[in-house]
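K.L.:
Residues per chain, in single letters:
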Amino acid sequence: MSTEPCAPLGAPLLFYAATPTGAVVRSPHLIAWAHAANVCALRRPAKRFQIDRLRPSADPYVVGYTRTSTSINYARLRWFYLADTAYEELQVDLTIRDSAGNSVASSATTIPAGFKNETRTCLGFTGIPSEDYREGGTGYLDLDALAATLVGADWSFEFTVTRPTGTVVIVDRIEIQELPRDIVDSAEDYGLVTLDADPGDPIFAGSVSQTGFRRLHRTLDGARLVQRAYGALGSWSATSGTATPTTASATWAPLIAAAPVAGFTYQSIDDGAGTPAAAIYQTRVRNIGATAVAGEACRARFYYRVVGGGTAEFRVTTGATGSPFTLTGQAGGWKWSDWLAVALATNGASQLDTWKIEAQIAGGATNVYVSAVQIDENVA
Amino acid sequence: MVDTLQRLIRRVLATTGGTSAPFVDGEALPSGAAVLATSDLGHLLRESALRTLYSGGGWRGFYLQATGGGTYTSAPPPSSIRWAPPRIGSACGCLGSHWVERLPDGQWPVAKLTLMWRGPGGGNTIGGVFAATPGGDGQFWRPGDPHDAATETTTTLTRKTFSLQLSESVLAAVREPIQPGSASTTSLPEYLRGAWATFWFGAYNTSGNSASVGDVVAPVLYLTTP
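Chains as they are written, first to last, in the numbering used here: chain L, 1 to 380; chain F, 1 to 226.
Treat the hints as calculated values from the structure; they're not laboratory data. Note that the Cβ used here is the ideal one computed from N, Cα and C, for glycine as well. Mixed in with the good hints, there may be bad ones.
Chain F regions said to be covered by chain L (calculated; three or more residues, Cβ under 8 Å) [as the list claims (entries may be wrong)]:
| id | segment |
| --- | --- |
| 1 | 32–39 |
| 2 | 54–62 |
| 3 | 78–90 |
Put together the whole structure using the sequences plus the hints.
P.N.:
Here it is in structure tokens:
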């Protein structure tokens, strides 16, 4: 095993003319390519999510997470509050679960301070925003250490917010961000260590697990397969109530949330028009295959509950070939739905495409609630 | 520019015992393979620098006025937004701190906040501001930091895209030790480093009345080419 700093000078400039016909390709070429591949695979992780304006609730706020790769080892967690009236208190408790039924509770040493249900005193409102937006907790996750327990591929972050003292202060936001790597490690799945390359040497084939041209292509493939996140919604507690996006419709309909309290600015995934429709999200789509209406393979899942028995169906509409994409037969909950294969087109101006989510119920169900949505790339 | 193909030419590695050039010692590494390696990496360097940073549930039913009161109808600077809790009808928040990297041609990407919004009608105006400030710790914007702002009077849901060209002045170099978990340790595995910016959005509504609200729907923050 050997390690070195990961592209400490940043991504290199690459030139076609660096490898002309008739000239020998030697280690400096491989080193430049390796730095570029290392930057793409290790310094540009694909997953980040944020939960906004969390009111205290006995039910958790849940977000879905699928690790970029086994070579992305760390994530940063932060929560903030926006000061309100006078001194009050907040607690944030984190439990992480996986798709195999395993869990890591906040009491574990892998969960950082600030997310262990400690009581944090929140200062009063000053009217000076730079003073009123305050950090409640910051910590780092060792994803490898968590993966020793959480062996399932898809994880679920569950945050429970409590207000032991006070009546109004809320958590302004929770941010979770995978972090760029600082080190290339030949023992990991991706990353090409260049220390042992003598500039005068020819390129050697090596192996996918160690060094050389094969390891370069292994790392390049890691960059291709990062499965970038396009949608990460989770700003509603898993509560079967009107403040959680829901529908009682037996035909395709938007999921509508109402204000938790009159006069409260709230969040939803419908468009709020007189006759509500699904909110239309727009974003830039990474082009891996080619610029095309067929677009990039993605997948979506929903954290839901069906009330009254029966089942729910979910539909994602995009600009890609095959849209809308439909998931049927989802029952029970609260739980994550099956993955729904979708695609996002890359042929739009500036590679922009849109997505929207609708649902319907069947078989005697009275409502379906959705508190979180995860939409990631699914490049094969 | 080494992204002329604007796609990946994916090649499957030969097996260990295979003889497929160019991945075996002793076989020729033709310039074509080298050019494709450059092309693929140039494409990935561009595509991986551009990504979705934030998606959220929006600000629905906001009615809080700007700091100038109900007569303020201009495209607001951040100082005109009342950064207040949502229980009094505000529409404001941090869109997070994000690492940003240059594109392969050396340019910094553009940050765009796209959303749909509408006003309450009745002669009222809504205004919104998108701001960026250097740093990775959720810092609030500073006077002089760049921002993009607009107003809207229609009651029809309308797409609006705010845009900020990122540059060194909007980014801060971050270098801090990563200390995972809650157990004390004597060795830190590695450092978090890079160029970071923090993004903010705020809006006002001249109505100041919870019966005449504005909506911000489906906000998405992403990086794209200049």
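K.L.:
Hint by hint, note whether the structure agrees.
P.N.:
For each hint, the structure was consulted:
1. Using a Cβ-Cβ cut-off of 8 Å, 5 residues of the segment 32–39 of chain F lie near chain L, which meets the minimum of three, so the contact claim holds.
2. Coverage of the segment 54–62 of chain F by chain L holds. Counting CB-CB distances below 8 Å, 9 residues qualify, and the rule asks for three or more.
3. Only when three residues or more bring their CB closer than 8 Å to a CB of chain L does the claim for the segment 78–90 of chain F stand; here the count is 8, and the claim holds.
The earlier numbered hints are all upheld by this structure, with none contradicted.
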